[in-house]
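There are 2 protein chains.
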Amino acid sequence: MKLDNNIPYKLILEENEIPKQWYNVRAHMKNKPAPLLNPATLKPMTADELSAVFCRQLVEQELDDTNPYIDIPQEIQDFYRMYRPAPLVRAYCLEEKLDTPAKIYYKFEGNNTSGSHKLNSAIAQAYYAKHQGLKGVTTETGAGQWGTALSMACAYLGLDCQVYMVKVSYEQKPFRREVMRTYGAKVTPSPSDTTAVGRKILKEHPGTSGSLGCAISEAVEAAASQEGYRYVLGSVLNQVLLHQSIIGLEAQAALNKYGVKPDVIIGCAGGGSNLGGLISPFMGEKLRGEKDYEFIAVEPSSCPSLTRGKFVYDYCDTGMVCPLAKMYTLGSGFIPSASHAGGLRYHGMSPVVSQLYHDGYIKAVSYEQTQVFEAAELFAKCEGILPAPESSHAIRAAIDQAVKCKETGEEKTILFGLTGTGYFDMVAYEKFNNGTMTDYIPTDEDLKGGFDGIPKFPGNE
Amino acid sequence: MKLDNNIPYKLILEENEIPKQWYNVRAHMKNKPAPLLNPATLKPMTADELSAVFCRQLVEQELDDTNPYIDIPQEIQDFYRMYRPAPLVRAYCLEEKLDTPAKIYYKFEGNNTSGSHKLNSAIAQAYYAKHQGLKGVTTETGAGQWGTALSMACAYLGLDCQVYMVKVSYEQKPFRREVMRTYGAKVTPSPSDTTAVGRKILKEHPGTSGSLGCAISEAVEAAASQEGYRYVLGSVLNQVLLHQSIIGLEAQAALNKYGVKPDVIIGCAGGGSNLGGLISPFMGEKLRGEKDYEFIAVEPSSCPSLTRGKFVYDYCDTGMVCPLAKMYTLGSGFIPSASHAGGLRYHGMSPVVSQLYHDGYIKAVSYEQTQVFEAAELFAKCEGILPAPESSHAIRAAIDQAVKCKETGEEKTILFGLTGTGYFDMVAYEKFNNGTMTDYIPTDEDLKGGFDGIPKFPGNE
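If you're matching them up, the sequences are chains R and P in order. Numbering (the numbering used here) for the first sequence: 1 to 461. Numbering (the numbering used here) for the second sequence: 462 to 922.
Simulated from the structure, these hints should not be mistaken for lab results. Quick reminder that beta carbons are idealized off the backbone N, C-alpha and C, glycines included. Among these hints, one or two may not hold up.
Claimed, not checked - DEER-style ranges, computed between Cβ atoms:
#: 1; chain 1: P; residue 1: Glu536; chain 2: R; residue 2: Ala47; range: 54 to 62 Å
#: 2; chain 1: R; residue 1: Arg199; chain 2: P; residue 2: Lys718; range: 53 to 61 Å
#: 3; chain 1: P; residue 1: Val888; chain 2: R; residue 2: His358; range: 46 to 54 Å
#: 4; chain 1: P; residue 1: Lys718; chain 2: R; residue 2: Thr46; range: 47 to 55 Å
#: 5; chain 1: P; residue 1: Leu618; chain 2: R; residue 2: Gln77; range: 34 to 42 Å
#: 6; chain 1: P; residue 1: Leu618; chain 2: R; residue 2: Gly259; range: 27 to 35 Å
#: 7; chain 1: P; residue 1: Tyr901; chain 2: R; residue 2: Asp99; range: 51 to 59 Å
Construct the complete structure from the given sequences, taking the supplied hints into account.
Okay, here's the thing in C-alpha cells:
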C-alpha cells in the first residue's frame, strides 16, 4: 500500500488539543437562520417561552447568533476526554481499492457506546440541566442512538432520564432499549398511557406502532408535567449544531496539524446535527472569505427534505406541539417509508443547514438505500469499520467523488463524517446480504400530502 | 474530579510507537510449556505433522520457545495501524466512584468491529495463510468474536473464510452471523451435513444444538478435505499468545512513556489469549528478575479451569481430533453451564498460562456471573464503555482490588485488560436488568464426569 510521507493512518490530536470552545457558525452567516415562531402568535419565541421547555443556558445558546465562540464548561471538557479526540482517519485502503488519485479522510465518531456523534450534545444538554438544578430530562428516540447517548450522559451526571421510544423500535430493537436501561434510563414505548397525548392517540389509533412525532409530543408533555424536568432534543436545533461543532473543530485542528486542506466536505443529513457540526468551522472560513470548500449534504431518496422539500415555516413534530421552524421540509405529516437509516427519517432539516443550503453554500444529493449499503459493505471490508446506515450515505457520496477523480485525474482531498457504527442495524445488513432489500423513492403525489399540511400564513410559501 | 499531573485520561502512543516485534514469553520461561502430543503415539507433534493442519510459519511460531522477539511483517503492521494503538485509559471516574487511593488503568481492545482483541491474531494468521499461497482458512466460533475477527482479516486480504458456528449461537446470535456474512465469510451452523463428523453427530444426536468441540472437529475436517485450506484457532495456542503480546507491549510502552509502573495486572481467562498477551512482556520482566508484578487471572465460577482443574495432558476439543496439550483442564467432556461469557466457556487453558500458573507466577480467582454484571454496570455508568461479559470478569477483580486498597490505604496501581464490548450481549444484560440472571457453580460431582474423560497414560495424573 502506498502511504504518504508524514500522513499516518490516524491523524491524532493530543488530549490537550481538544477544542475548549464550540464554534457558532451563525455568528458569521450574513443571512441568519430565521427565528423559531410561536405557532399561536406567529411571533418569534422569546427566551422566557423557550425556558418553559428547555434549560436556561441552552435557550441562550439557541438564540445566540452573534458570539462566534462559546466556552465549553470544564465538566463537559472532562467528559469529552473520555472518548475524544475522535479519530481522523486516512482511508488508504479504500483509496487503493478504488484506485483513485483522490485522498480520502473520515472523521469517525462511532468509538463510544452510544455508537455515534450524539454523545457530544447529550453530555452538554445533560450538564446544563444538572447545572440548573433539575431532577431529570425527557426525550424521544427512534433508532435509539440519541436515547443511548442521553442515557449515558445522565448516568454519568446522576440525572434522571426518561426516554419515549417509538413503539415499533422498542419492540424491534430490544438491544438498544437494554443499553439504555443498563445506563439507568426509564424507557417507555410510545404511544403510551403515561401521557394525555399518548392516551388520546391510543384511543384514536388503537394498535398504532408509533412515530417520532408522537414520541416527541409525549416527551414534551412529560417534561412539562413533572416538577424539575425539561425536554431535550438530539438534532435540528441551533444549540445541537453548536455542540456538534466539536466534530469539525477537531477535524480542522488535526488537518492543520498535518498540513492537509480538504477540497470537498461531505456529511449525511437527517436533522442536520452531524453535517452542521462537521462543516461549521470550515463553513466559517468560507463565509469569512478565508478559504473555499465544496460542501455536500447526503440524504436518503426516501426522505429528501433538501433535494425535494420546501423552504418554509413548518412544525418540528408531527403532533404540532413544538414551535415553528423555517427549514427545508417535506411537511410534518410526511411519513417516510421504512428505510433502514432511521436517523435520517426526519421530515425537516436544521434551520442553519437549511439557510446555508438556500444561500448556495451547500450542495445536496440523495441516494437509494441499496446504493448506500453497497458502499457500506465495500467500506467495511477495506477499512474494517462496520458503518451505520446513516453514515453510509456519506460513504457513498465520498466514493462517488473519488471515482469521479479517477475519471478526471483530479487529486482532490475528500473529508467525510463517519457518524457511527452499525452494530444495532444488523437486520438491515441481513436484508442486504440476502438480496431482499428494496428501494423506495416517493412520487410527487406521495409528497403532496406532506406539503398540504404545511401551515399557511402570509409569507409562508 | 481529581486528575493526576501529566497523566491524561488516555495514555496515547503515536502510530510509529506501535511495537514492530511480538514478544515470546516462552523464551524467558525456565519451565517451558510442555509440547503438544500426537494422541496416537504420545510423542511430541513434529513440525511436519502440525503443517498438515496449520500454516508453515505459524507452526514455526508454535514450536519456537527460544527467540524472545519475532518481527511483525510489514503488512500486519499496516493493518494494526488501522485500529491500533489501542487506548490505555486511566479510569478516573471509576476511581472517584470507588473513593479508592488505588490508581486504575485499563487497556481497551474493543474499538474495532470484531469488538475484541481477537483481531490481533486473526490478521496474523490470515496473513501467513495468504503468504503461503493458500486459498482460505476454516475455523469455529462460539460467541462469534473470533469468527468476526477472522472474517474481517480475510476480507482485507482477499482470502476465503469458512466459519463453523455453534448452532445455538448461529440461531440466537443472528447479528454476529450477519456481521461475518457482511465481511464475506461463509457461516455454517454446526453440526452440519457438510462434513463427515457433522453428519455422524447429527445422526447420533438429532436435534442437537451443537458445541464448540463439535464445531472445531468440523472446521478441522473442512480444512483437511479442501486443497489449499488450513485450520486456524483464536486462543489457547502458543502462536496466538505470541500475536496477542501486542496488547501487553503497547500497554508497557504507554506506561513507560508516562512513568507509571503497575503493581497488579489483571485479565480474564478463557483460553488465555488475552491474559497471556497482556501479561507477557511484564511477565518477561519478572522472569528476568528486573521488576516484580502481581498477576491475576479471572475466570467464571461456572468454568473454573485454573482454580479447580487438573494440570495434565488433555484433548483441546470435545471431538478429540486435535493434539493433546498439557494444561489446566476440566476435561474435554466438561460441558459448562450456559453462562453469558461465551468466550470463557472453554474446558482448558493455554499451556503457557497453565505452566506460569503452575509455577506460581500467576494467581487465579473466579466469580459468579451476577457479581460480574454488577461490575459491568458500574463500569459502564462511570467509564461510558459497555463491556463484554468476558471482559467484565477483569473489571470485577480490579474493583475488588481497588476496594481492598481503600480498606488498607494502599495506593496500588492496577492495570486490567478490557478485552471488548458487549453490544452483541444484550440478551445477557436484559436478564441482568430484569433481575432474572442466575448463577451456577458446579459441584465436585459435576466436575467428575469431565475429569473421568481425561486420557490416562503414564505420567498423566
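We went through each hint and held it up to the structure:
1. Between Glu536/P and Ala47/R, the C-beta spacing of about 59 Å keeps the proposed range 54 to 62 Å intact.
2. Between Arg199/R and Lys718/P the beta carbon distance is about 60 Å. The supplied range of 53 to 61 Å therefore holds.
3. Val888/P and His358/R have their C-beta atoms about 47 Å apart, which keeps the hinted 46 to 54 Å range intact.
4. Hint check: Lys718/P to Thr46/R, Cβ distance near 53 Å, so the stated range 47 to 55 Å holds.
5. The hint said 34 to 42 Å for the Cβ distance between Leu618/P and Gln77/R, and at roughly 41 Å that hint holds.
6. Evaluation of the 27 to 35 Å hint for Leu618/P and Gly259/R yields a pass: the beta carbon distance comes to about 32 Å.
7. In this structure the supplied range 51 to 59 Å holds for Tyr901/P paired with Asp99/R, their Cβ-Cβ distance being about 55 Å.
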